[in-house]
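Assemble chains B, C, D, E and F onto chain A, guided by the hints.
Protein chains: 6
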Amino acid sequence: MSIAFFGELMLRLSPPGRELLLQTPKFEVNVGGAEANVATGLACLGHKVRMISAVSDNPLGGAVIGELRRRGVDTSTIVSEPGRLGLYFLTPGAGLRASEVVYDRAYSVFARRPADAWDWDALLDGATRLHLSGITPALGHNTASAAIAAAEAAAAKGIPVSFDGNYRAKLWESWDSDPKAVLTRLIGHADLLFGNHRDISLLLGRQFSGDGADRRREAAEAAFAAFPKLQTIANTARHVDDADSHCVSARVDTRAGGYQTDEVLIAGIVDRIGAGDAFAAGVLHGLIESGGDAKAAARAGLALTALKHSLPGDASLFTREDLAAFDEGGLDVRR
Amino acid sequence: MSIAFFGELMLRLSPPGRELLLQTPKFEVNVGGAEANVATGLACLGHKVRMISAVSDNPLGGAVIGELRRRGVDTSTIVSEPGRLGLYFLTPGAGLRASEVVYDRAYSVFARRPADAWDWDALLDGATRLHLSGITPALGHNTASAAIAAAEAAAAKGIPVSFDGNYRAKLWESWDSDPKAVLTRLIGHADLLFGNHRDISLLLGRQFSGDGADRRREAAEAAFAAFPKLQTIANTARHVDDADSHCVSARVDTRAGGYQTDEVLIAGIVDRIGAGDAFAAGVLHGLIESGGDAKAAARAGLALTALKHSLPGDASLFTREDLAAFDEGGLDVRR
Amino acid sequence: MSIAFFGELMLRLSPPGRELLLQTPKFEVNVGGAEANVATGLACLGHKVRMISAVSDNPLGGAVIGELRRRGVDTSTIVSEPGRLGLYFLTPGAGLRASEVVYDRAYSVFARRPADAWDWDALLDGATRLHLSGITPALGHNTASAAIAAAEAAAAKGIPVSFDGNYRAKLWESWDSDPKAVLTRLIGHADLLFGNHRDISLLLGRQFSGDGADRRREAAEAAFAAFPKLQTIANTARHVDDADSHCVSARVDTRAGGYQTDEVLIAGIVDRIGAGDAFAAGVLHGLIESGGDAKAAARAGLALTALKHSLPGDASLFTREDLAAFDEGGLDVRR
Amino acid sequence: MSIAFFGELMLRLSPPGRELLLQTPKFEVNVGGAEANVATGLACLGHKVRMISAVSDNPLGGAVIGELRRRGVDTSTIVSEPGRLGLYFLTPGAGLRASEVVYDRAYSVFARRPADAWDWDALLDGATRLHLSGITPALGHNTASAAIAAAEAAAAKGIPVSFDGNYRAKLWESWDSDPKAVLTRLIGHADLLFGNHRDISLLLGRQFSGDGADRRREAAEAAFAAFPKLQTIANTARHVDDADSHCVSARVDTRAGGYQTDEVLIAGIVDRIGAGDAFAAGVLHGLIESGGDAKAAARAGLALTALKHSLPGDASLFTREDLAAFDEGGLDVRR
Amino acid sequence: MSIAFFGELMLRLSPPGRELLLQTPKFEVNVGGAEANVATGLACLGHKVRMISAVSDNPLGGAVIGELRRRGVDTSTIVSEPGRLGLYFLTPGAGLRASEVVYDRAYSVFARRPADAWDWDALLDGATRLHLSGITPALGHNTASAAIAAAEAAAAKGIPVSFDGNYRAKLWESWDSDPKAVLTRLIGHADLLFGNHRDISLLLGRQFSGDGADRRREAAEAAFAAFPKLQTIANTARHVDDADSHCVSARVDTRAGGYQTDEVLIAGIVDRIGAGDAFAAGVLHGLIESGGDAKAAARAGLALTALKHSLPGDASLFTREDLAAFDEGGLDVRR
Amino acid sequence: MSIAFFGELMLRLSPPGRELLLQTPKFEVNVGGAEANVATGLACLGHKVRMISAVSDNPLGGAVIGELRRRGVDTSTIVSEPGRLGLYFLTPGAGLRASEVVYDRAYSVFARRPADAWDWDALLDGATRLHLSGITPALGHNTASAAIAAAEAAAAKGIPVSFDGNYRAKLWESWDSDPKAVLTRLIGHADLLFGNHRDISLLLGRQFSGDGADRRREAAEAAFAAFPKLQTIANTARHVDDADSHCVSARVDTRAGGYQTDEVLIAGIVDRIGAGDAFAAGVLHGLIESGGDAKAAARAGLALTALKHSLPGDASLFTREDLAAFDEGGLDVRR
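If you read the protein sequences in the order shown, they are chains A, B, C, D, E and F. Reminder that position 184 of the first sequence reads as 184 in full-length UniProt numbering, one-by-one numbering, no gaps. Reminder that position 61 of the second sequence reads as 61 in full-length UniProt numbering, one-by-one numbering, no gaps. Reminder that position 122 of the third sequence reads as 122 in full-length UniProt numbering, one-by-one numbering, no gaps. Reminder that position 262 of the fourth sequence reads as 262 in full-length UniProt numbering, one-by-one numbering, no gaps. Reminder that position 314 of the fifth sequence reads as 314 in full-length UniProt numbering, one-by-one numbering, no gaps. Reminder that position 173 of the sixth sequence reads as 173 in full-length UniProt numbering, one-by-one numbering, no gaps.
So here's chain A without its partners, still in its complex pose:
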């Protein structure tokens, strides 16, 4: 019994400190992938999770599997096959210089795997939830079909599906895609959506005016109306002062109503990558622990995303003790 995550696994290569890419000839390496980040976040909070993916059958793929195993993720549903592993290069920003990502994920084992090579009946056996994100279907025909097949298989088995929008225009534009159709089909199976008013606008073809909490609620209600299975919508609003200092508030809506946190100032950002995935992990944790409470979910999501900004790497590695300490407050040295 574990939560299943389906998505690509990648190595992230980044320069030391705040250097530009290859300013000096070193890379620091992290294991990433939006869905794996959420899986990791939950595993470190003590939840049982499995990763469904495909990696190269060489030392790079082996390293990725080993790293997930280290974090407590069940990797027995990852296949290793000939081909290449997706990479991405991150140049961390600073001050008035934004972080930049250069992808080198085309032609990966994951992206090229035929949709019918995934045996969803076996892969989802014993799963308590399936988590997908909008990155997987954006990679191409194979993965779009695979994501839809996964969602349908979960629906057929009565396994709840959560979906994180993660809309990446560049990926969708790199092939003859129809993002609205694919996403609509996927979200049709979801009980939980991570997405903001812009994501919902894209799906429903309408804008939400007003601002702040009202707009966020209005968009949520429109999504609930459009997607009958949908029960919960979660998102953050982020104001970016500079690369090192953001303000974030979290919101979780159910059909019954919503809860929105105060905005917190997240200064001295160490690594912003994966902050959205940490939010998703926190919300899932909050929902599971509270039995579906919007406030608990929003608060746990905010806590985990806030903490993630302080941590190098793509994934939240925080424990329940860390969440409790965050709730307690007190940011001087703990001895």
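FYI, nobody ran anything at the bench for these hints, they're computed from the structure. Check before you lean on any hint, since a few could be wrong.
Some residues of chain A that are not near chain C, with every Cβ distance over 10 Å (derived) [as the list claims (entries may be wrong)]:
1) A156
2) K170
3) K180
4) D242
5) R255
In silico lysine-lysine, PhoX-like type, Cα no more than 25 Å apart, as pairs [as the list claims (entries may be wrong)]:
6) E:K26 <-> C:K26
7) D:K170 <-> D:K157
8) B:K26 <-> D:K26
Every residue, glycine too, gets a C-beta built ideally from N, C-alpha and C.
Just chains B, C, D, E and F now, with coordinates in the frame of chain A:
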């Protein structure tokens, strides 16, 4: 003729950058120990200091002695004996994640050394002052007895004693201790106390209401009343915005009156560990240089603690030139 | 056809992170020199530039030449001769501790080269502009004479000259110099001056009262009056909160009028060295691209100096794409 | 179904490169422990293994568990309890300077755990073999009793026991131990012993004269005579030229006869620690794969120990492909 | 006027020290590519060289161009286009563990560039020689056609062609290739071939028996007979003791006769990658400097390949002074 | 009471690993200087030593003093004055590439200090021996005069003088020196000379034929004849296989006879710099401990120089325990 410091010496092991402990398999190593930090701070300002301690007779102990010698501390009063050296592991915080210390100092050579193994008559020979802190008596029976014996020997020889509260509840609670009794006995010999209204509350069993300067003065007067030998009390008040940004004001009280600095914003904190020890070194320096002036002491204490936050490692390594530059102000590049 | 830069090339040695010099026994190395920084900034923006200098004929000199070549600077006008390469040691500041530079550039190949060893006719062949700074004449008799000879040769050939004040009192005071006379002679040949009201006060022997934009304009007009060839004056005003956080506004004046940008907050400073050189590169770029427009120059100068603060090393390595992204704004991760 | 390993887990801290301990203030960290090294070696060869141990319930213990998990070891039989984690400090040798180990493992959670806290019935459930080494009983009364209880429980369940002598005089001498009695009792339950003629001499109280293969066979036969359950004995003979260059031959004896490999020259040694554990893993692998063949075991043991010398860290991380490549020979670059 | 090199440029990513790939999460980065290595070797010896290639139009491609420029290679004939840059991962061997290369070069900008996109007339303008290797045609149809077109264009212009066999079976086998036909066509245009008796066997479909110098001469004569334009053949013979210690002899044959060096022991190998490319650079240097003398070429080739083994990275960075020092001998410290 | 050493202190800057200088932009830093190396070697063996020198009054000079203090050297006889600190750049060799030193020590505080600024009466107060080397007088007139004054002052006070030839032709040739005259004058005051037959040939103007032990004895006898105060001569003979592997034998001659050790193979050399200084420290240690025994001196010298080759940095940091372990032999891991 030198100022004597008695306390444990430890290695601090911390991850690179802002990583979690062992997120990658490296440790950066620093030499620490509250009293040694004060000694170092004063040595770098040109004062003659000696360290009284016990370390393991292996390369770790040797490295600690060598490092203190590098900083200009007289190490001829440190013994090397079989056993282990105390360690601690620091995970530096960032943003909304607090720094955390994991101690591995139990069973150390220092903690296990019998109280009667210290020959205070010899160790304090030629000492112009003895500095102790509340950490030493908190370690256990051996060190509590040794600290008291040291203070009594100093008193008997007419050597002034300074005492830094450094109250660490976890250490006191790890054995059948009576902190109030021990601390009262130690402070009874001190002419200089580093401690705030909470420390004094603990000693005297009463609370100080009001806020800010008034409460700090009221607590100081209560302490002067309770401890007849006490002439000076110094402390900082710290407001923590996040792990990287604190506000600090310094205050020094004498029986005649007190001086309190403005609060300074210390942003972009590099290493907060040892900031209190740097404050103590600055105050001692200010008192020595000014012949006991509260304002000079408070200002030097504030300067050294402010500077310490900018420096990796446990101890202030700043010189008189650095103090003078801090007083001058001007924070753009100096050429 | 390229812009010619004349000045010393140096290695910068600095400790890792925010350590003091030799706190641990490592140096990070960068290639610096005020004029080379401007040249680099322009080369990375796609301009053709050449460096006129002299380095040691050993692996250090070779490394400096190689690094400039890597950045796209034409190094065929750099000579390698027996002697030493200038060095400088940078201790980066943090928080309330200022950065400090210790020079070890005396007796360098560049400083000791006789003024008549430079063949300006050949070195300036095909040059579209000559850029000098106030550091070169401050180094001693040889370089002061060489700088004047360069400016005169350029003037004789009808090559425009730009001059960056870069007033360093310690250098001028290290020999029997007459800075006002030398600088006046040099600026007499310049059509473009980088300098603020303090630089102009020094040259003209008068103060400019008032504040902000008015004082900056008044000083510019006085300079235009004193130096008939001068057409453009550019400078920044910088307010330093602490070592990590500055506010900067840029201004460019022509005889027709001036343009001054809003002040921007540059927080989370990674490396402040070379920020002035990046400003000069940005202004030159803006002037070249716009055909001499003050607003375009001020905005490009501000952008490049703001970005430089986020980058380790002495020189701006930013491209036109980076400038465009800065103008667009948006400081969250770019994918 | 997995092979069970019982032993202490430790962190190894070592200086970078070939420095002395704390010559510069960095440690490289590895996860070690003789039995865990064997477990790792087998896991990387595709065998199912579990580790039975106790670690501190802090980030250090967590890191050790995570690292074993990364390597594919089942860690569900490791308990996390209050206390300290054993450490050791390695100064790697070079040339004519030998490597040195300084232990800091006293008072560890593992060493202090009461013998009756281990529930062998549960811990050995489904185990196909139990592997012990002579280090565990050498740590003190608790672990000696626990090791004996483990061996007896395994014997009672019909689970084969293997035992690696790993005689460490200093550990046995640190308490009122009777190594001969304890080891005799443990080996009485073993079907497989890793030990050479010196180990057997210690157990049997007699010397083996002659040299080379004859002495090794004679000692093996004496051990077979003394220990009726013993079926296989494996060992290496090592000649040390200098710290970087050793010659090693492997031998495996069964009651039917023995197989001894040629001596191989292992030059350019990267890390000699754990070479004996890698040998044990290789022999176990060879025995399992071949169904008990002495030659296969000796050759696999030699291969894995030879490869281990080329790898930083305590444990063999080699795969079956690596073993096959070693057997094929050919040491130029493989593309 | 410069020597032209045509081939793929790649980044090499390798772990620190002697670790396995991603044993710790860092990569050291080098710029490689067989032909670029030869170009670099010659540039560092003072020859004018140009690189003809295609890289990705992102910071990775920019870094590769910058690095070649640093080494003195003319990069104006490198195009930057959308797509990916080829990578390879090197695990350096040690002792009895061989180095391993994992390629991730499929789908690169270079490999996918249509053969007719290269304008050989322009690219070879002013070239004094064209150097190709067997890797380029092995990558696929595009590059095979491009290499042939390049050789034919050079032949048509009267530009001598040199060809380095660099036979990589895995690359040829990855598509429907006919290596013998392609290589025969390419070598038909060459006056200088880097290849040994195995390469020639492959081309001519016959074996060469005997051993040592005789076999090498016999194969050379067969090649001279088969390829009328061929004037010089160069190769090394390498005996591999272990990953750190090889013995190498160099041989250069002309139609008039051959010169073979003694075998030298190359121990303590730092980086064996690119040793063949350094040999080619040395031979080309020797031929150019001597006007075609076999002995001079063989000796320079041996010197440069021997030195390359001592240097991290893919390319020889040695100068004429280094070659002279190698010839002089004397391997103690030079001051 | 301590042994006094007079000589220049320098920083050594070297690239990481086996890279060329500035192949990547990092330097590793060590504190060096021939005489300080000998002082360090003796301090680590427990002897009291003082260093007489002059360093820059900036953080670099401070770091040098701190490092010597760390090693246990009395630094109270080092002055800090305005000026520059001598540097040198070391490119460590490997295999068939020799190590190279580039000096940047000209114009240093030490070299420029007037000979009469040294107050030998005070500096030698309480000295039990004065150790000089041939580097100091080779630096220029100032230091040549200072070295002679030091030797004469020592002689006048009855303090024995030891002298290490350390003949560096390049230094002597950089000014109008007369090395034979200066060295003859200095050695005239010495009772102990470190020098081989080539050094003695230079002094006496005659060659020593024969080979091995005979030639070494013949040269020693000639030196004894020429220098009446000389009682002991020590030297090593070194055969260099490649940069990583040398063979060394030590010899110590007295007027009564000589002792020559066997040659030892020193393979896997980590850092050859300072091996001669370690030899001098070992010989001095052996002479002091044995009361002047040639065999004890030669053996201790050989041991310390052999060990030094295994250690990064310029100086021997070995203890008496290390010497004892070397004598015992046994180069496998010590636990």
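Any hints this thing doesn't respect? Which numbers, in order? Failing hints, ascending: 2, 4 and 7.
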